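Chain A is fixed; fit chain B onto it per the hints.
Chains as they are written, first to last, in numbering that gives the first Met the number 0: chain A, 0 to 385; chain B, 0 to 385.
Calculated from the structure, these hints are not laboratory results.
Watch out, some of these pointers could steer you wrong.
A pair holds if it fits inside one copy or across any two, identical chains being indistinguishable in the list.
The list that follows gives simulated cross-link-like pairs (lysine-lysine, DSS-like), each with its CA atoms no further than 30 angstroms apart [to be verified]:
#  : residue 1 : residue 2
1  : K50       : K370
2  : K300      : K50
3  : K300      : K339
4  : K54       : K41
5  : K54       : K6
6  : K81       : K27
7  : K119      : K300
8  : K300      : K227
9  : K27       : K6
10 : K42       : K326
For clarity, every value in this text was computed on a predicted model and none was experimentally measured.
There are 2 protein chains.
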Amino acid sequence: MNNFQFKNPVKIIFGKETIANVADEIPKDANVLLLYGGGSIKKNGVYNQVKDALKEYSITEFGGIPANPEYEVLLEALQVIKDNDINYLLAVGGGSVIDGTKFLSAAALYTGDTPWDILKNSIRTEVGMPFGTVLTLPATGSEMNSGAVITRRETKEKLGMGGPGLFPQFSILDPRVISSIPQRQLANGIADAFTHVLEQYMTYSVGALLQDRFAESVLQTLLEVAPKVLKDPTDYEAISNYMWSCTMALNGLLMQGVPTDWAVHAIGHELTALYGIDHARTLAIIAPSHYEYNFETKKDKLAQYAERIWNVTEGTLEEKARIGIEKTESFYKGLGIDTKLSDYTSEYEGTAETIANRFKERGWTGLGEHKSITPEKVEEIVKMSY
Amino acid sequence: MNNFQFKNPVKIIFGKETIANVADEIPKDANVLLLYGGGSIKKNGVYNQVKDALKEYSITEFGGIPANPEYEVLLEALQVIKDNDINYLLAVGGGSVIDGTKFLSAAALYTGDTPWDILKNSIRTEVGMPFGTVLTLPATGSEMNSGAVITRRETKEKLGMGGPGLFPQFSILDPRVISSIPQRQLANGIADAFTHVLEQYMTYSVGALLQDRFAESVLQTLLEVAPKVLKDPTDYEAISNYMWSCTMALNGLLMQGVPTDWAVHAIGHELTALYGIDHARTLAIIAPSHYEYNFETKKDKLAQYAERIWNVTEGTLEEKARIGIEKTESFYKGLGIDTKLSDYTSEYEGTAETIANRFKERGWTGLGEHKSITPEKVEEIVKMSY
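Chain A with its partners taken away, still in its complex shape (with noise of 0.2 angstroms):
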């Protein structure tokens, strides 16, 4: 196991009925932003009540946060920030809504020329404005952790950024928003909180024992409550175990000691910047044919993953591992997500030089755990993805 130092202080407010308690956590006086999406709180009861619970405080909105939070929509929202006098926000959405709230929350107290430096330049943000989030989208994990993604849509850049500022102070999930996502998200934010896993699991054994055993909970969980999900997502059980487990997907507890990966993401995001495929999607896009690339330093782990989470108990190691990766596709497939880039876009020749050339003019030389997959590499692996 390696060296590792782990702290999480978010609240969670976990369960039925909970949206009201966000009163409870948000201090009297505080001059409150309520951050949202594009208006689906207002169809399924969430803003009533939010704004119900908050009805005593001093409230300014901002609505219209896009998946793949924008920079520029961004902007807006903080100089209404400024303008207000806000020194709280409350981030009523799923990941994208919390991304787009960690960024102000960072942008809001940054003192450098321009808040894309933040991103940019991988600024870590130690303290940033406090804010609490409401969770109305299982998926992305950005609840319970620090990690924020940011889209720039006039260069197609999608960044990251975070720091232990941008902890939220705490996040309140009612399992029973999930009645109301349509099937798409679901299958997405399934797809993502199982990649999640995958991208700090599917690396090479350093003999943290429990580590693996904790992200194997998280995937026999989430296979095991996803036809219930998507069946009917009114089965509470069902779904209060997919949003917790979306949850401890990536709240830090899964990667400490152990190697992580991140390449299926780093890769995926340029998918999303340059077709807008949904994040999840790429994901699926990409896994697959990561995994076959770098069968080689992956094989033991895909096997240790076959064997105890498809139960395969016949074949060599290799035939073990090359089950795993089928079965990981099968599963997107499942799902009702495709799994190769043509089948988002006819105009996909060309791609992998890309996202090879903006990783190069990123400087980025090395992806995955052991920083091996230089540029040339990437651009083999989305060859293969086409």
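Just chain B now, kept in the frame of chain A:
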């Protein structure tokens, strides 16, 4: 899954050569009281590592905190805190030293008549004196939770306390401290951590699938590493997983959204208070009888445990459940831990009545996940454990 609220802000610093990090975590101007136990830290080198790291600090020392930290001894330490204007506590030791430090953290800021009230009246500590820990004996999980158990010698009482103000600010876990721990204490630690998980797991299902799997992950890991730890306590893979499993067994995560039992602990504490039996050994005495006595309400979970942890595939649910109990008792015995009270004292007659009367006097009308274990039932369980 039941509703829950979870927040655990402890910073964990885990791994080799991490003890020197203590200086990064304590404010430079702190007036520190260094607390430890019987002096083993002076033999194993931890004392010198801590002192070296903190040589620029103002440090007062208080050694001699005994196993099952005694109120009477802690009152002496409390006087040292007051006499020396101490404002930061550093526990260097196992669960007893850390629990004692938590009591002091609470008592130092307590404004009531006598600090015994904190225990007697279950006063929750919202704000305590800040403290950190350097863990030298994995077992109790106290390094990453906000609870403590304190013993009063004169009345032979052992009572719990807690509150959000009693989380350590940081805990340093260097697994290599394990190499100098006597076999008896290693075995105790494994049994203690294993039983901590059982107290949060061996109840009844509320459909918390992920929590079940996390609990099973800790049990499986402890079973896997236990023989290796006992055989060679310098085996880093074994001891690092053992240490992290002990912490995860009782840092709050496993108990979120599920019913918990803790009757084994409540009864076991009395055996320690009455006879001075090691804490972990009292759990091994009580657990099998407790599961046998409450077989009907626990059999579903016992069977799941037998299947998933002990790979029992044959038999009816009841048969599997019985094997689960037998395997648990065998596990304790395999650690060299006897599982009957008569193995520890020849004067066990009347123990059951004494404990039942104590519970009646305290008004404890019902223990366990159903709050259904009356003092009369406790009496029967203890008799089964003779």
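Quiz item: Looking back at the hints listed earlier, which ones does the structure fail to meet?
Solution: Those not satisfied are hints 1, 2, 7 and 10.
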